[in-house]
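Q: Next come the chains, spelled out residue by residue.
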Amino acid sequence: MSSHHESIIREPLITGENITYAKVTEDVLVPVENKANKAWWIGFTIAALGALMWVVAVSYTFWNGIGAWGLNKTVGWAWDITGFVWWVGIGHAGTLISAVLLLFRQNWRNSINRSAEAMTIFAVICAATYVISHMGRPWLAYWPLPLPNQFGSLWVNFNSPLVWDVFAISTYFSVSLVFWYTGLLPDIATIRDRATGLRRKIYSILSFGWNGSVKTWQRFEAVSLILAGVSTPLVLSVHTIVSFDFATSVIPGWHTTIFPPYFVAGAIFSGFAMVQTLLLIARKVMNFENYITMFHIESMNKIIIVTGSIVGVAYLTELFIAWYSGAEYEQYAFLNRVSGPYWWAYWSMMTCNVISPQLFWFKKIRTSIAASWILSIVVNIGMWFERFVIIVTSLHRDYLPSSWAMFYPTWVDVAVFVGSIGLFFTLFLLFLRFLPAIAMAEVKLLVKTSSEQSKKALIKGGKVDKEHAKFYVESLDKYDSVNQADYAKI
Amino acid sequence: MESNKKYWKGLEELKQTPEFVENSKNEFAEALPIEDVLNEAGLNTVTPRRDFLKALGFGVGAVTLAACQPAPVHKAIPYLIKPEEIVPGIPNYYASTFNGHSILVKTREGRPIKVEGNPNCLLSGGRLDAQAQASVLDLYDSSRLQAPVLNGAEASWAQVDSFVKGELSKIKAGGKKIRIVSSTVNSPSTKAVIADFTAQYPTAKLVQVDAVSYTGIIQANQNSFGKAVLPHYRFDNADVIVSFGADFLGTWISPVEFTRQYTKNRAAEALERKKMSRHIQFESGMSLTGTNADARISLKPSEEGIALLNLYNALGANVPSKKLGNNAKADKAIQLAAKELLNAKGKALVVCGSNDVSTQILVNAINSLLGSYGSTIDLTNPSNQFAGNDAEFVEFINEMKRGEVDAVFFLNSNPAYSAVNTKEFTDALAKVKLRVSFADRQDETAALCQVNAPANHYLESWGDSNPVSGYYTLVQPTINPVYNTRMAEESLLTWSDAAVKEYYQYVRSNWEKTVLAQSGKTWKDVLQTGSVYMGAAPAAAVSFNRDLNAVAATIISESDALAKASVELQVYQNVAIGDGRTANNPWLQELPDPVSKVTWDNYVAIAPKYAEKLGLNEFDLVEVKSANYSVTLPVLVQPGQAAGTISIAVGYGRSKAGKAGNEVGKNAYPFLTFVNGTFQTTAAVSISKVGGTYELAQTQTHHSIEGRNIIRETTLKEYLKDPHAGSGHGAGHKTYDLWNAYEKPGQNWVMAIDLNACTGCGACIVACNAENNVPVVGRDEVRRRREMHWIRIDRYYSFNEAGKSVTEEKEIAHLEDMDNVSVVHQPMLCQHCEHAPCETVCPVLATVHSSDGLNHMAYNRCVGTRYCANNCPYKVRRFNWFNYWNDSRFDNYLNNEFTQLVLNPDVTTRSRGVMEKCSMCIQRIQAGKLQAKIEKRPLKDGDIKTACQQTCPANAIIFGDGNDPNSEVSKALKSERTYYVLEELNVQPGVGYQVKVRNTAEV
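Protein chains in written order, with the working numbering: chain A, 1 to 490; chain B, 491 to 1493.
Just so you know, the hints here were simulated from the structure itself, not pulled from any lab data.
Just so we're clear, the structure is a prediction, and the values are computed from it rather than from any experiment.
Virtual Cβ for every residue (Gly too), placed ideally from N, Cα, C.
Incorrect hints may appear among the rest.
What the hints assert, rightly or not - Cβ-to-Cβ under 8 Å is the rule here; a few derived chain A residues that face chain B:
id: 1; residue: His5
id: 2; residue: Ile66
id: 3; residue: Thr74
id: 4; residue: Ala405
id: 5; residue: Pro409
Stated by the list, open to error - Estimated spans, in silico, between C-beta atoms of each pair:
id: 6; chain 1: A; residue 1: Phe158; chain 2: B; residue 2: Gly1218; range: 55 to 61 Å
id: 7; chain 1: B; residue 1: Glu1298; chain 2: A; residue 2: Val313; range: 46 to 52 Å
id: 8; chain 1: B; residue 1: Thr1183; chain 2: A; residue 2: Ser170; range: 46 to 52 Å
id: 9; chain 1: B; residue 1: Thr1183; chain 2: A; residue 2: Val414; range: 56 to 62 Å
id: 10; chain 1: A; residue 1: Phe158; chain 2: B; residue 2: Ile580; range: 54 to 60 Å
id: 11; chain 1: A; residue 1: Ser170; chain 2: B; residue 2: Tyr1232; range: 45 to 51 Å
id: 12; chain 1: B; residue 1: Pro609; chain 2: A; residue 2: Phe158; range: 45 to 51 Å
id: 13; chain 1: B; residue 1: Gly1218; chain 2: A; residue 2: Lys302; range: 52 to 58 Å
id: 14; chain 1: B; residue 1: Tyr1232; chain 2: A; residue 2: Phe167; range: 56 to 62 Å
id: 15; chain 1: B; residue 1: Cys558; chain 2: A; residue 2: Ser170; range: 41 to 47 Å
id: 16; chain 1: A; residue 1: Phe167; chain 2: B; residue 2: Gly1236; range: 32 to 38 Å
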């Protein structure tokens, strides 16, 4: 544990007074160690009903066939793969936060990585449900795996991007799960130590015998770094491979080399938006204001502007290239996106993804909790439309005009998608109840160096430059969890 | 507390004897008799008696217990006594006849599963239309009557016979009239049976009436030449064809024959001779024939007669005429057509679809003037395909009304549905004492009869046919009756107490007396070949010398009467459903109309600009009202429809056709009018919007090619200058490939499709359905764009404005004049690409390439990701969204034990969740290869024909081995006109298309 002092001009990552290691534990474990409050039950009931709807809709599909959806001979994928890519994209923020930010020593990740990783895992689960449910014969869903078999000399097609997808998603899921769980071990051990009876037994098993020895911590740190190293390429590779589903095809509007970077940026964009959506609520309901501070919110909003702008540039590049290529079918595909029967989807995408995040250039907006929350939802609506635009508007009018068709969703399409959101929230709410939503061990690392109280002590000690102190105090303006009056006295 | 106590196991241990000390070092204190055990029983191969008995007892017991599991009972009956000539897995072919066309019926294990044209057939040359292809499905129709019905209750044949005979003898005593109402009878044996019946019951008479009648032509020939016949048209002898509303490629008289004749002068063969006939079509609705014309001019029904008068005058005659008022385009075209016709004198043909006697007399005059008789029209060897007499039928209703008829028999006729005034007909029919129907189902007329004596399906019957003079074909059964039915002729023979009651004997002796005696052939010969052609008498030229003043006056007055209408209605037959007889055939209901691509419904076709003027949009419901009938139908915007007119197809609105055909569309027969002794297909109507919309199920909803070069066409003039004109494959055309080429030993299956031959009739679609067990999905699923057809025909409209072709949606929207529409049909099926985009994306290798150039689909391996279909640039892959063959929601097709008998056992039925597509009839390829192997010879070109190719009346599809430079397909693909659709993608399709050439008139 580093005991050096952090520069005063850096904004604090933990606010509040009398933050001790014990207090961190107390604060974070409130929802885990107490009975669930009303808000949780209301949220859980709604989410569980959504998940139930998902079960009903997916069962209906399995019973009747994919015909229950609105697909047709021309549009073979629509809400299913839109939902799949959307969920995979959302999952990306978790890995980025846990792996890339760890490697870059961005300590502010410590407060949000746990939830973000949980979100990743649940989002990938939602995505995986689509992988299976969109199949015509889901009972054979294991066939795309290269399993040794006795069907003859049957093997999978390693040329198919769908097979790459299978590898990408399963690798991603397993690495994310291991990373997340490894991070949880010291925290589970903390819960174990404070629990009694059956809970103690369960958490004891879950803690894998964590004993808090120096050796354990050392290994923990080593494993975390290794896993971060393993996951970092995944941040780039998973959505790259997902984009190959489209990029390697011959369909105009899909057959695009720009897809890999554009998809990755979009994924991070939507992932951070989802983290915002979840944490802004969780922070309020679970009184985590001191740990997830305005600094975190603002930082994430900045990432949203950057990735949103990358996505915007990609959209414009696509349009430019379509025109510049002189390729007839390509040109029509993009003209059709912009002005065809699905123009409203394209312009919804443009508005939500390119224009709305630009509002975050205004400090007022990016430090406003309400605005951040609303925009985070707008971004994810936009990202859903992005995938819908790519998939449906490319397919519905491709090469031979005789086959051009429209796609109209059925109630089952809608129910599977809305239900998958219900499933996601059910899992997330269960996570909040049973596991610490903030990585306690990692936040504790920051208490002595990056917390508001430690900085306040520095100022009080008079060891810092006056100008710097003034700058620091001013930077605290935006914090809703800081009482500026305290500083007036100093 | 520590214990010092020590326990010992025995005295040896206490005493620590040397023996004990020694042994305690070993694992076992005493030596185990392992060696002994192994040597004696263990490794010994001798089984002791007791062990043997134990094993035996256990074995028998276990097997007995396992056998207690009830084995599933399969209701398959093996051939305990194998019928002669039936080998399971090997099809048998029998010659028979459908509608006068000689056919071959493929049977498997005793059940007919496919109908194909007999290559010997004079009319079809082995080709068939969609209805003939679909006819096999009717055999297994579960809506057919499964037993005779007497007074509303199921009865036995004996009961029916005694009842009918009893009634007939009473009627005979009473002396009142007996009528047999039938559609055209051209079967010599049936005619003889009716003659025998009439001999027994002298008051009996045959009344022939066709739902869609050709009385006008027949009466006109009576008037002009004293011959009440339908001539035999010879489109193959015509260099210039001018048709006034005759849909001769789609529905008029004998479309398969005419299509063969027509394409002979227009497709590859003719172009090689640097010749092509010119076809000018004047019509109100867009017919299949109109879509193929070199020039097509919209004409209102009221203008048709006037146009003919003008044409006649333009050809040099002088009859009273009238200006073609507002239709300047038609006026100009008439002058041009006249010039063309005169230039081609003796090789010209004018046909007219009208059923008006005066109009047809005028057509006779024109053809006579052009010297068509003896060349393009054969009156010496007439056609017997239609012989109905409208006036006789009207008289028959009057007789019934007057109470003069005591007995009526309905044979292949359903006037309660197709009569103009059904109420008048049913009221009159109620006065008849004995009403007998031979219909195979309880149709609209049969429901009004006391006796339903269901006749066999033709595949269960004996019979014969004499479709054109000198040509006799035989109908032979290919299966025992599926239900308890009996041939109508046999019923009539029974009721007339004939000496020979068995119709088989009757037909045979009839043939032996007549046809066989004359031709010197034997009965066995005919059973094998299916037909006898006695040759044609040399066609004699005839001269026309009637005065046309009265005719012209009638035409003008009829035209004036019709022109007063706010809207002129043209009632027509469409290609799939025809006159409505086949309305319960789901293959035909789901066959898209060749022009509108609508399935499962009829509609009001209306021109786009005219619809705009009336404030009507596509699918708006409108009420169409004539003097005494009205229906509410949805609007279909049809480019090319004459302004001020609408078209409605007959054959729909059946109420008692069966499960699939009931209440599909609305009945349009009551719009017909009885004028001057014939039923006319035009009527004066008004239309009004009734509010609401009704979505028609179309298989194609975008109608222009958007300027894409997927369709390539040229004009004859350009083609003669440069044969590469349309294809762009002339000098300087280079191709590049990123990949290494593989060697293709053996066969390389490819296909050539001639856009200049294809008329778009859709016979291939139904043939493919039958051959490959393609499911029918029903109207709702077609609306969701999920039809399953493996081959489809894309139809594109383009509009000509100021000499330029407009093909883009956005430009079309701004066009002022949308009458100059030209149409192209493009059959589209799996292209079996060499670099198939579908193959690379399938995660499980369910679709792979074969060494002989085919793109295979392994249904069993498919998990249904649909990625292949998404990545197919041609969108020819079809996904099984549901279990079509076993899902109660798709009850119009295979969900019963009878209809499933039509399935081709060589082709797997696909389960839900599986992708399917054209396999190039791989089962036929395999069968052809095996046959060659059995005969120890290499495959010959033509051994293997795909189902679509086999049936195509235009011979537009050629399939074969691309590695054989002498094969038909290689020759066709070497044509300068060959191009490949989307070839710029370099997927290297295996299907080449030949450029469409139009012999456009230079206006």
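Q: Go ahead and decide if the range 55 to 61 Å is satisfied by the Cβ distance of A/Phe158 to B/Gly1218.
A: 38 Å, violated
Q: Is 54 to 60 Å respected by the C-beta to C-beta distance linking A/Phe158 and B/Ile580?
A: This hint is violated: roughly 41 Å between Cβ atoms.
Q: Grab the minimum C-beta distance from A/His5 to chain B and call the hint holds if it beats 8 Å, violated otherwise.
A: Nearest chain B Cβ about 56 Å off; hint violated.
Q: Can A/Thr74 be said to touch chain B, with a Cβ gap under 8 Å?
A: Interface hint status for A/Thr74: holds (6 Å vs cutoff 8 Å).
Q: Using the C-beta atoms of B/Glu1298 and A/Val313, is the stated range 46 to 52 Å upheld?
A: Roughly 31 Å apart at Cβ, these two residues miss the hinted range, so it is violated.
Q: Return holds or violated for the Cβ distance of A/Phe167 and B/Gly1236 against the range 32 to 38 Å.
A: 37 Å, holds
Q: Given the range 41 to 47 Å, decide if the beta-carbon distance of B/Cys558 to A/Ser170 lies inside it.
A: Once the Cβ atoms are compared, 45 Å apart, the range 41 to 47 Å for A/Ser170 and B/Cys558 holds.
Q: Is it true that the C-beta distance of B/Tyr1232 to A/Phe167 lies inside 56 to 62 Å, as the hint says?
A: 28 Å, violated
Q: Just to be careful: measuring from the Cβ of A/Ala405 to every Cβ in chain B, is the smallest value less than 8 Å?
A: The hint holds - A/Ala405 has a Cβ within 8 Å of chain B, the shortest such distance being about 4 Å.
Q: Holds or violated: A/Pro409 as interface residue toward chain B, Cβ cutoff 8 Å?
A: 12 Å, violated
Q: For A/Ser170 and B/Tyr1232, compare the CB-CB distance with the range 45 to 51 Å and indicate the outcome.
A: 34 Å, violated
Q: Is it true that the C-beta distance of B/Gly1218 to A/Lys302 lies inside 52 to 58 Å, as the hint says?
A: 55 Å, holds
Of the numbered hints given earlier, the model fails hints 1, 5, 6, 7, 9, 10, 11 and 14; all others are met.
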